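Novice: As given, the protein sequences belong to chains A and B, one line each in that order.
Residue 116 in the UniProt record's numbering is what sits at position 116 of the first sequence, and the numbering runs on without skipping anything.
Residue 14 in the UniProt record's numbering is what sits at position 14 of the second sequence, and the numbering runs on without skipping anything.
One should not assume that every hint holds.
Unchecked claim - In silico PhoX-like links for lysine-lysine, alpha-carbon gap of 25 Å or less: (1) 47(A) with 330(A); (2) 330(A) with 42(A); (3) 47(A) with 57(A); (4) 57(A) with 42(A); (5) 42(A) with 5(B); (6) 57(A) with 5(B).
These are computed hints drawn from the structure, not numbers from a lab.
In this text the structure is predicted, and so the values were computed from the model without any measurement.
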Amino acid sequence: MARTVIVGASVGGVRTAQALRAEGYRGEIVLVGEEEVAPYDKPPLSKALLAGTATAKSIGMLPERAAIDAGIRCQRGRAATAVSLRERRVQLADGTAIEFDDLVVATGARARTSPWGNPPGVHVLRTLADAEELGAALRQGGPLVVIGAGFIGAEVASTAVGLGVREVTMVDPVEVPLSRVLSPGVASQVAALHERHGVTTRFGVGVTDVVPRSGGLEVRLADGSTLQAATVVVGIGAVPNDDWLDGSGITTDDGVVCDQFSRSVDDPHVWAVGDVARWWHVRQQRSVRVEHWTNAVQQAECVAHNIVHPADLRSHAPVEYVWSDQYDWKLHVVGCTDGDQQHVLVGGGAPERSFAVLYAAADGSFTGAVIVNWPKALVTCRRSLALGRVPLAQVRADVEALQPKSHGVRGAAR
Amino acid sequence: MAVVKADLGACQGYANCIMGADDVFDIDDDGVVVVLRTEVEESERARVEAAARSCPVSALAVEDR
């Protein structure tokens, strides 16, 4: 019987296994995961799980019963250490090996570690264990210093405020938060959101050191100032877990290098999914690696289809989509929204907390949007991006038409 | 025939389901999923199940009737 081995049991690996069955795959499916715990979903780690409103069980993605019913053999607590393409097998840390017909690399990414050392009280947030440790630390109170104002950092700051932590400070060498996806104007509104909730922001200044001091930590900044902290969270990005493939003959370059079908450029039966995949995006005409949840799920569907239907390969060419929950804001980012593209603001029912910023390329075609607390506008924007090359003016008219008639923009603005 | 089930309380308005199957799912003004039809043919089941799997809060399911 054919066998697909999936290495990595986070959302990309789990969804690949489930989608294989949905596509009618009849062979064996083995899902190998490094962690002892059952597969769980990661977006809640910086939000509901950290806040204590979700549990390890409630964020579980593949309960044992569901795995058995789907014929998915889960191998927990087993890290993969190497691949032999010639022998068609994956080597595991416990000395055993598993043979495969198809191999799916879904090993994700790990948190970039603190370049300032790791004295007690310094945390990263990537795994369930990380979230449980950080949650326990935050329940001891503050002060908290969050280094890095990307998604993880901003969500941790927001959750900490919700937990009642006093003295939360966010530091980033960039002038605004979420600078990789937001244009400066929108990013400064997010900065203002944090400040309204009592978070001190220290943007535009780097961290030079984190040192233990009188029972706590001292974060030293490039301008000579210092911040005292009981807890420090380092949220400065992630690194793909591809080094275990060194020497395997599977090319990596900040991720497993794949063609447009998410298939390794070295072997037509080796695939990559999620944060660890670097694939050729046909619409963007460049190689990309994306760390967002929805991308992992869509890529998993695509790879499962391609394994089952080798004569009908599908390209993975998604429209980027990422969300973030911060305080009472649901922030959605679709398509391309960074840099200095032209953009327009459309206010929703309560324009100070519900709006859409629409971006366009030089030729006037709609490229992406940042949407706050306005799900209907999100749908309109995602549909337009899926169509491709829709004029900004058209999308703007469509989004404006969504404004609730009973609470017009002027009325709600007070 | 299969039946589409939605947990309206869990839905957070991410709209992934709509992108996967806009003939089955939509969203209301409050950002809560609207199931346009609860019954799907076996021939479209794989596609609708994929849309359900794309829900970040697992609010959707496709079940045997």
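Novice: Take the hints in turn and mark each one as holding or not.
Specialist: Hints versus structure:
Of the pairs offered as hints, the one joining residue 47(A) and residue 330(A) holds, with about 12 Å between alpha carbons and a cut-off of 25 Å not exceeded. For the given pair, residue 330(A) sits about 17 Å from residue 42(A) by alpha-carbon distance, which is consistent with the 25 Å threshold. Proximity of residue 47(A) to residue 57(A) is assessed by CA-CA distance (about 15 Å); at most 25 Å being required, the pair is judged to hold. Proposed proximity of residue 57(A) and residue 42(A) is supported: the alpha carbons are some 13 Å apart, at most 25 Å.
For the suggested pair residue 42(A) and residue 5(B), the alpha carbons sit about 24 Å apart, so the restraint of at most 25 Å is met. Taking the CA atoms of residue 57(A) and residue 5(B), the gap is near 22 Å; set against the 25 Å cutoff, the hint holds.
Hint compliance for this structure: no hint is broken.
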